[in-house]
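J.: Here the protein sequences line up with chains A and B, keeping their order.
Residue numbers for the first sequence follow my numbering, beginning at 132 and rising by one.
Residue numbers for the second sequence follow my numbering, beginning at 132 and rising by one.
Keep in mind the hints are simulated off the structure, nothing from the lab.
Any given hint might turn out to be false.
Since the list gives no way to pick out one identical chain from another, each pair is judged satisfied if it fits inside one copy or across any two copies.
Unchecked claim - Below 30 Å or equal to it, Euclidean Cα-Cα: the simulated DSSO-like pairs (lysine-lysine) are:
{"id": "1", "residue 1": "Lys386", "residue 2": "Lys490"}
{"id": "2", "residue 1": "Lys440", "residue 2": "Lys397"}
{"id": "3", "residue 1": "Lys377", "residue 2": "Lys280"}
{"id": "4", "residue 1": "Lys328", "residue 2": "Lys280"}
{"id": "5", "residue 1": "Lys402", "residue 2": "Lys440"}
{"id": "6", "residue 1": "Lys383", "residue 2": "Lys182"}
{"id": "7", "residue 1": "Lys328", "residue 2": "Lys242"}
{"id": "8", "residue 1": "Lys150", "residue 2": "Lys383"}
{"id": "9", "residue 1": "Lys279", "residue 2": "Lys352"}
{"id": "10", "residue 1": "Lys513", "residue 2": "Lys242"}
{"id": "11", "residue 1": "Lys229", "residue 2": "Lys397"}
{"id": "12", "residue 1": "Lys249", "residue 2": "Lys328"}
{"id": "13", "residue 1": "Lys402", "residue 2": "Lys328"}
{"id": "14", "residue 1": "Lys174", "residue 2": "Lys402"}
{"id": "15", "residue 1": "Lys440", "residue 2": "Lys182"}
{"id": "16", "residue 1": "Lys383", "residue 2": "Lys229"}
There are 2 protein chains.
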Amino acid sequence: MTESTGGSRDQGRELEKMKGNLIVGQSGGPTAVINSSLAGVIKAARKAGIKRVYGMHYGIEGFLQEDIIDLDEYFTTSHDLSMLKRTPSAFLGTCRYKLPAVEGHEDVYEKIFEILDKYNIEFFLYNGGNDSMDTIKMLSDYAAAHGKKQKFMGIPKTIDNDLPMTDHCPGYGSSAKYIATSMKEIIRDNESYGVSKPTICIVEIMGRHAGWLTATAALSKDVDCSGPDLIYLPEVPFDINSFVDKIRELAKVKKSVVVAVSEGLKTADGKFVCELGTVNDHVDAFGHKQLAGTAAYLANVVTQETGLKSRYIEFSSLQRCAAHLASRTDADEAYNVGFLAAKAAFEGHSGMMIAIEVKSREPYIVEYDMYDIHGIANVERKVPKNWITNGGTFVSDEYLDYVRPLIMGSLQPYTAAGVPIHMTLAKKKKRSSK
Amino acid sequence: MTESTGGSRDQGRELEKMKGNLIVGQSGGPTAVINSSLAGVIKAARKAGIKRVYGMHYGIEGFLQEDIIDLDEYFTTSHDLSMLKRTPSAFLGTCRYKLPAVEGHEDVYEKIFEILDKYNIEFFLYNGGNDSMDTIKMLSDYAAAHGKKQKFMGIPKTIDNDLPMTDHCPGYGSSAKYIATSMKEIIRDNESYGVSKPTICIVEIMGRHAGWLTATAALSKDVDCSGPDLIYLPEVPFDINSFVDKIRELAKVKKSVVVAVSEGLKTADGKFVCELGTVNDHVDAFGHKQLAGTAAYLANVVTQETGLKSRYIEFSSLQRCAAHLASRTDADEAYNVGFLAAKAAFEGHSGMMIAIEVKSREPYIVEYDMYDIHGIANVERKVPKNWITNGGTFVSDEYLDYVRPLIMGSLQPYTAAGVPIHMTLAKKKKRSSK
Numbered sequence: 132m133t134e135s136t137g138g139s140r141d142q143g144r145e146l147e148k149m150k151g152n153l154i155v156g157q158s159g160g161p162t163a164v165i166n167s168s169l170a171g172v173i174k175a176a177r178k179a180g181i182k183r184v185y186g187m188h189y190g191i192e193g194f195l196q197e198d199i200i201d202l203d204e205y206f207t208t209s210h211d212l213s214m215l216k217r218t219p220s221a222f223l224g225t226c227r228y229k230l231p232a233v234e235g236h237e238d239v240y241e242k243i244f245e246i247l248d249k250y251n252i253e254f255f256l257y258n259g260g261n262d263s264m265d266t267i268k269m270l271s272d273y274a275a276a277h278g279k280k281q282k283f284m285g286i287p288k289t290i291d292n293d294l295p296m297t298d299h300c301p302g303y304g305s306s307a308k309y310i311a312t313s314m315k316e317i318i319r320d321n322e323s324y325g326v327s328k329p330t331i332c333i334v335e336i337m338g339r340h341a342g343w344l345t346a347t348a349a350l351s352k353d354v355d356c357s358g359p360d361l362i363y364l365p366e367v368p369f370d371i372n373s374f375v376d377k378i379r380e381l382a383k384v385k386k387s388v389v390v391a392v393s394e395g396l397k398t399a400d401g402k403f404v405c406e407l408g409t410v411n412d413h414v415d416a417f418g419h420k421q422l423a424g425t426a427a428y429l430a431n432v433v434t435q436e437t438g439l440k441s442r443y444i445e446f447s448s449l450q451r452c453a454a455h456l457a458s459r460t461d462a463d464e465a466y467n468v469g470f471l472a473a474k475a476a477f478e479g480h481s482g483m484m485i486a487i488e489v490k491s492r493e494p495y496i497v498e499y500d501m502y503d504i505h506g507i508a509n510v511e512r513k514v515p516k517n518w519i520t521n522g523g524t525f526v527s528d529e530y531l532d533y534v535r536p537l538i539m540g541s542l543q544p545y546t547a548a549g550v551p552i553h554m555t556l557a558k559k560k561k562r563s564s565k
Numbered sequence: 132m133t134e135s136t137g138g139s140r141d142q143g144r145e146l147e148k149m150k151g152n153l154i155v156g157q158s159g160g161p162t163a164v165i166n167s168s169l170a171g172v173i174k175a176a177r178k179a180g181i182k183r184v185y186g187m188h189y190g191i192e193g194f195l196q197e198d199i200i201d202l203d204e205y206f207t208t209s210h211d212l213s214m215l216k217r218t219p220s221a222f223l224g225t226c227r228y229k230l231p232a233v234e235g236h237e238d239v240y241e242k243i244f245e246i247l248d249k250y251n252i253e254f255f256l257y258n259g260g261n262d263s264m265d266t267i268k269m270l271s272d273y274a275a276a277h278g279k280k281q282k283f284m285g286i287p288k289t290i291d292n293d294l295p296m297t298d299h300c301p302g303y304g305s306s307a308k309y310i311a312t313s314m315k316e317i318i319r320d321n322e323s324y325g326v327s328k329p330t331i332c333i334v335e336i337m338g339r340h341a342g343w344l345t346a347t348a349a350l351s352k353d354v355d356c357s358g359p360d361l362i363y364l365p366e367v368p369f370d371i372n373s374f375v376d377k378i379r380e381l382a383k384v385k386k387s388v389v390v391a392v393s394e395g396l397k398t399a400d401g402k403f404v405c406e407l408g409t410v411n412d413h414v415d416a417f418g419h420k421q422l423a424g425t426a427a428y429l430a431n432v433v434t435q436e437t438g439l440k441s442r443y444i445e446f447s448s449l450q451r452c453a454a455h456l457a458s459r460t461d462a463d464e465a466y467n468v469g470f471l472a473a474k475a476a477f478e479g480h481s482g483m484m485i486a487i488e489v490k491s492r493e494p495y496i497v498e499y500d501m502y503d504i505h506g507i508a509n510v511e512r513k514v515p516k517n518w519i520t521n522g523g524t525f526v527s528d529e530y531l532d533y534v535r536p537l538i539m540g541s542l543q544p545y546t547a548a549g550v551p552i553h554m555t556l557a558k559k560k561k562r563s564s565k
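Assemble the whole structure, with the sequences as input and the hints as a guide.
T.: In structure tokens, the structure reads:
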């Protein structure tokens, strides 16, 4: 299946057969381009002549409470969809909710299909990561087993980039662009000082189990920037002593040392580094337990062990919501997987996820395919070991060739009075009454 | 004195008299547009026919070690200056160094003027905040008292916006644009969740003594964004109990509560909030003292006291180095104050700082003036009390009218392979050998 944004002659005939409505939900952590996928779904539905396009408010969790939005109320002009594409975070609201096993919870599934029937919904699109694809698996399996007419399609999305089958995940490229840009600016900032003691700066990047996001820090390296001196991914067990030794050596020859660390770093015995600082459940004078992140903890360790000046930076949710640094490539691909998931559902497919297939990295050429959801749901893809170099402290050129095309181009936000403007549900929110 | 970017007929005559060279230094915390001021100085020097333009490597601290850069080696084309303007952080390197009192430290001053004479430097430009202006004061006073020929001029710069005499400080507008944009994206992100418990997000913003930067969080408020629910500035003593009560009330009516706090919040008895978490010098199992910032501490307090889900975000150095979100207005003004400071020195002025005077906020019209450095050095300007509203938890419309023009327009970075590219000293660094 190849990318197609135009209509086809077959669509006219498809239309004849389609009577049902469509519902789309967003699930898991938001991204800068998750709403581009939503825009793609809406556009595909309009093209196919779907009567009503609904949105789940707060994903399947809200759907179970019949919290359903009529999206036709929001998107009447092409401007609306353009603005939606430039709006970060989940326009519909999101959730972290896993459907229970069917056995013993038949009532949950019956309720879901009751609501679907009530709104005459035939097409169910769900946009998320590994956990969210589980929802598509459970529902499509249930539908097949119970002779339900509904079609369920998954739309990939995660800044963690850890979905299998797809070359990469929509959302990853924009986070990568944010991290590469910010990392470069941080390195310049850290290099500003340096007459006397060197400054060690530890930057914490998201990714509990996979180091895809942390690896993007290497994109800041170029002729005008030394890049991070060390990059630590969760795929490699973290050794604090070796880390401190490396910092000590670097500080002998550099005034500015910048290190990228994944929030999910673990020691060889399986403990999260971020939990090492609180092993004894210390509380402060007010009885509050003090929690420190991985970077905060490591910066503290560096100063205590070496006497060097250190600081830490956490990109926190900025790395997933900075739509002002969205990658155009990423936004376009997010739109396409949304569009194509809807189109596939209209064509009768169910229990599948759209995937991106890279035919060529230079020039960058992609095609789209779809895969059985059973090989995707709950599976995590990690950074290949052979892409992790320098004894687990950097990434290879092969990785950089892989990631570079994903941050190309930019989708500039619309602005008013110097600040980006967004589409919001609150602005003209109307609940559907069927 | 009004803005002038063109040459004047008088400059030809000035040139006749000028034989000396120029040196420029950057000092204190870097900003996204500090290098625009440097570009302004270089351009003014070229226009005036100054023979050589030197830079201090790491400010006056490096200068004292005769660490001097020949800037003519770096900037040969107009492209170079355009790129410099788009490069964040101190291109020359910076320092935090205060000159000692003359009495008892005559050797320091003699050394400075020896170096100045050695390089035939007649014009000394220094770009920084309150502390940095002290350097201009000390040196111009010394020059006047000892009949030295050199002219010393100050160029304002600080994201803290706390310099007196000038309407606002170059650097502030770009940080404001970064904070307004990021705050809006964070609020959208925080609103994504919310089927079950509300999420409280505390965002920490720089400014130890003045709340100018924290106040910019209010710029995110518009028809499409509720803005931060509370804004706490260091100008108002912080009451933790009242803060927790307000969060509790907000969480009854809102699923997403976002609060902006200054890193410099102090309780009524003068203690920094960020130090409350460590009053008992708790150390972890490794003997490391755990430090938490203001927002981290408050997020912790919220969860402990209310059971609500909380998280914190620190903008850290991102808020001062995010050149990818530079304000065009800010960058232009930074350029102009640099240019005009040099021009004023050529005209014989010394011991002064260039200031921005806003003739009209709408339409936005500025003029430039200069003020005696004695009324500026070491003086901190705070946010006026009458601009702080809602019992110390928000800012007034008057403040918003004040700040809005400063974030208008954008100075887009040059990019390669999807990432901004910068001018760096390392790239073709040549030390001057006189």
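J.: Indicate, hint by hint, whether the structure satisfies it.
T.: Hint by hint, here is what the structure shows:
1. For the homomeric pair Lys386 and Lys490, neither the shortest alpha-carbon distance inside one copy (43 Å) nor that between copies (44 Å) is at most 30 Å.
2. Taking the closest pair of Cα atoms, Lys440 and Lys397 come within 30 Å of each other both inside a single copy (24 Å) and across two copies (25 Å).
3. Taking the closest pair of Cα atoms, Lys377 and Lys280 never come within 30 Å of each other, the shortest separation being 60 Å inside a single copy and 50 Å across copies.
4. In this assembly of identical chains, Lys328 and Lys280 lie within 30 Å of each other by CA distance neither inside one copy nor across copies; the values are 69 Å within and 35 Å between.
5. Proximity of Lys402 and Lys440 under a CA criterion of 30 Å is satisfied in both settings, with 26 Å inside one chain copy and 24 Å between copies.
6. Taking the closest pair of Cα atoms, Lys383 and Lys182 never come within 30 Å of each other, the shortest separation being 68 Å inside a single copy and 38 Å across copies.
7. In this assembly of identical chains, the alpha carbons of Lys328 and Lys242 lie at most 30 Å apart only when taken from different copies (23 Å versus 64 Å within one copy).
8. Neither within a single protomer nor between protomers do Lys150 and Lys383 lie at most 30 Å apart by alpha-carbon distance, with minima of 71 Å and 42 Å respectively.
9. Taking identical chains as interchangeable, the C-alpha atoms of Lys279 and Lys352 are never at most 30 Å apart, the minima being 53 Å within one chain and 46 Å between chains.
10. For the identical chains of this complex, Lys513 and Lys242 are neighbours neither inside a copy (36 Å) nor across copies (59 Å), given an alpha-carbon limit of 30 Å.
11. Taking the shortest Cα distances, Lys229 and Lys397 sit within 30 Å of each other inside one copy (26 Å), while across copies they are farther apart (43 Å).
12. In this assembly of identical chains, the alpha carbons of Lys249 and Lys328 lie at most 30 Å apart only when taken from different copies (28 Å versus 68 Å within one copy).
13. In this homomeric assembly, Lys402 and Lys328 come within 30 Å of each other (Cα to Cα) only across copies, at 29 Å, whereas the closest approach inside a single copy is 32 Å.
14. For the homomeric pair Lys174 and Lys402, neither the shortest alpha-carbon distance inside one copy (46 Å) nor that between copies (56 Å) is at most 30 Å.
15. With identical chains, the CA atoms of Lys440 and Lys182 are never at most 30 Å apart, being 62 Å at best within one copy and 40 Å at best between copies.
16. In this homomeric assembly, Lys383 and Lys229 come within 30 Å of each other (Cα to Cα) only across copies, at 27 Å, whereas the closest approach inside a single copy is 50 Å.
The structure fails hints 1, 3, 4, 6, 8, 9, 10, 14, 15 (numbered hints given earlier, in ascending order).
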